[in-house]
Amino acid sequence: MKISIGNDHAGPDYKKAIVQYLEEKGHTIFNHGTDTFDSVDYPDFGHPVAYDVESKKADLGIVICGSGNGIAMTANKHQDIRCALCWTKEIAALARQHNDANIISIPARYTSIQQAIEMVDTFLNTPFEGGRHGNRVKKIACK
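Residues in the sequence shown are numbered consecutively from 582, following our numbering.
Certain hints may be false.
[Claimed, not checked] Here are the computed lysine-lysine pairs in the DSSO-like style, where the Cα-Cα straight-line distance is at most 30 Å:
{"#": "1", "residue 1": "Lys637", "residue 2": "Lys719"}
{"#": "2", "residue 1": "Lys638", "residue 2": "Lys606"}
{"#": "3", "residue 1": "Lys637", "residue 2": "Lys670"}
{"#": "4", "residue 1": "Lys670", "residue 2": "Lys658"}
{"#": "5", "residue 1": "Lys583", "residue 2": "Lys670"}
{"#": "6", "residue 1": "Lys720", "residue 2": "Lys606"}
{"#": "7", "residue 1": "Lys638", "residue 2": "Lys597"}
{"#": "8", "residue 1": "Lys597", "residue 2": "Lys670"}
{"#": "9", "residue 1": "Lys719", "residue 2": "Lys597"}
{"#": "10", "residue 1": "Lys638", "residue 2": "Lys719"}
{"#": "11", "residue 1": "Lys637", "residue 2": "Lys597"}
{"#": "12", "residue 1": "Lys606", "residue 2": "Lys583"}
{"#": "13", "residue 1": "Lys637", "residue 2": "Lys606"}
{"#": "14", "residue 1": "Lys720", "residue 2": "Lys658"}
{"#": "15", "residue 1": "Lys719", "residue 2": "Lys670"}
{"#": "16", "residue 1": "Lys720", "residue 2": "Lys597"}
{"#": "17", "residue 1": "Lys720", "residue 2": "Lys637"}
{"#": "18", "residue 1": "Lys658", "residue 2": "Lys597"}
{"#": "19", "residue 1": "Lys658", "residue 2": "Lys719"}
{"#": "20", "residue 1": "Lys638", "residue 2": "Lys583"}
{"#": "21", "residue 1": "Lys606", "residue 2": "Lys670"}
{"#": "22", "residue 1": "Lys637", "residue 2": "Lys583"}
{"#": "23", "residue 1": "Lys637", "residue 2": "Lys658"}
{"#": "24", "residue 1": "Lys597", "residue 2": "Lys583"}
{"#": "25", "residue 1": "Lys670", "residue 2": "Lys720"}
{"#": "26", "residue 1": "Lys638", "residue 2": "Lys720"}
{"#": "27", "residue 1": "Lys638", "residue 2": "Lys658"}
{"#": "28", "residue 1": "Lys670", "residue 2": "Lys638"}
Just so you know, these hints were derived from the structure itself, not from any lab.
Whenever a hint applies, use it, and build me the whole structure from the sequences.
This is the structure in structure tokens:
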């Protein structure tokens, strides 16, 4: 699978651990995140991930910031993106099953690295259920 990842200064350690985990699983990673803790602007890292997923360069995306909110809001400005802020693996599963989320947003200041890896693993391995959920997902975009 091809996965795009981006993070601000709250998530370099998270990104490093997630990328290592995903590469060990054989995934291709497009890294748009910062590697330092110097303050940066999360939109500069959220938009490239959304572009990768929107253009089909990447199958799914991962974004990380302190609360997970700002970078999720940024990604969700893109019409074909459904970025879900997740803080448990159960929420990550529902985001895929019911909402066909294509980007997961991780709040680095409110989850551990181990929780983040578990959420990513769940997100990548949970299929969209379709059916009644498909009808709802079709109504999300403002096209």
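Comparing the hints with the structure gives:
In summary, the hint linking Lys637 to Lys719 is supported, as the alpha carbons are separated by about 18 Å, within the 30 Å threshold. Of the supplied pair hints, the one linking Lys638 and Lys606 holds, its CA atoms being roughly 19 Å apart against a limit of 30 Å. Between Lys637 and Lys670, the direct Cα distance comes to roughly 25 Å. Compliance with the 30 Å bound is thereby established for this hinted pair. The suggested pairing of Lys670 with Lys658 holds, with an alpha-carbon distance near 24 Å, which does not exceed 30 Å.
With a C-alpha separation of about 21 Å, the suggested pair Lys583 and Lys670 falls inside the 30 Å cut-off, and the hint holds. Taking the CA atoms of Lys720 and Lys606, the gap is about 34 Å. The hint is violated against a cut of 30 Å. A distance of roughly 21 Å separates the Cα atoms of Lys638 and Lys597; the hinted pair therefore holds under the 30 Å criterion. Distance check on the hinted pair: Lys597 and Lys670 sit about 19 Å apart at the alpha-carbon level, within 30 Å; holds.
Taking the CA atoms of Lys719 and Lys597, the gap is about 34 Å. The hint is violated against a cut of 30 Å. At most 30 Å may separate the alpha-carbon atoms for a hinted pair to count; Lys638 and Lys719 meet this at roughly 22 Å. Between Lys637 and Lys597 the alpha-carbon distance is near 23 Å, which keeps this suggested pair within the 30 Å criterion. Note on Lys606 and Lys583: the hinted pairing holds, with a Cα-Cα distance of about 11 Å set against a maximum of 30 Å.
The straight-line distance between the Cα atoms of Lys637 and Lys606 is roughly 21 Å, inside the 30 Å bound, and the hint therefore holds. Between Lys720 and Lys658, the direct Cα distance comes to roughly 15 Å. Compliance with the 30 Å bound is thereby established for this hinted pair. The straight-line distance between the Cα atoms of Lys719 and Lys670 is roughly 24 Å, inside the 30 Å bound, and the hint therefore holds. A C-alpha spacing of about 35 Å is found between Lys720 and Lys597, which places the hinted pair above 30 Å, so the restraint is violated.
Restraint check: the Cα-Cα separation between Lys720 and Lys637 comes to about 21 Å, which is no more than 30 Å; the hinted pair holds. For the suggested pair Lys658 and Lys597, the alpha carbons sit about 26 Å apart, so the restraint of at most 30 Å is met. The suggested pairing of Lys658 with Lys719 holds, with an alpha-carbon distance near 16 Å, which does not exceed 30 Å. Straight-line distance between C-alpha atoms of Lys638 and Lys583 comes to about 7 Å, which keeps the hinted pair within the 30 Å bound.
Only pairs whose Cα atoms come within 30 Å are accepted, and Lys606 paired with Lys670 is accepted, the gap being roughly 18 Å. A threshold of 30 Å between alpha carbons decides the hint, and for Lys637 with Lys583 the separation of about 9 Å falls inside it, so the pair holds. Between Lys637 and Lys658 the CA atoms are separated by roughly 17 Å; this keeps the pair inside 30 Å, and the hint holds. For the proposed pair Lys597 and Lys583, the alpha carbon gap of about 16 Å is at most 30 Å, so the pair holds.
With a C-alpha separation of about 25 Å, the suggested pair Lys670 and Lys720 falls inside the 30 Å cut-off, and the hint holds. Between the alpha carbons of Lys638 and Lys720 the distance comes to roughly 24 Å, so the proposed pair stays at or under 30 Å and holds. The suggested pairing of Lys638 with Lys658 holds, with an alpha-carbon distance near 18 Å, which does not exceed 30 Å. About 25 Å separates the Cα atoms of Lys670 and Lys638, which keeps this hinted pair within 30 Å; it holds.
Hints 6, 9, 16 from the earlier list are contradicted by this structure; the remaining hints agree with it.
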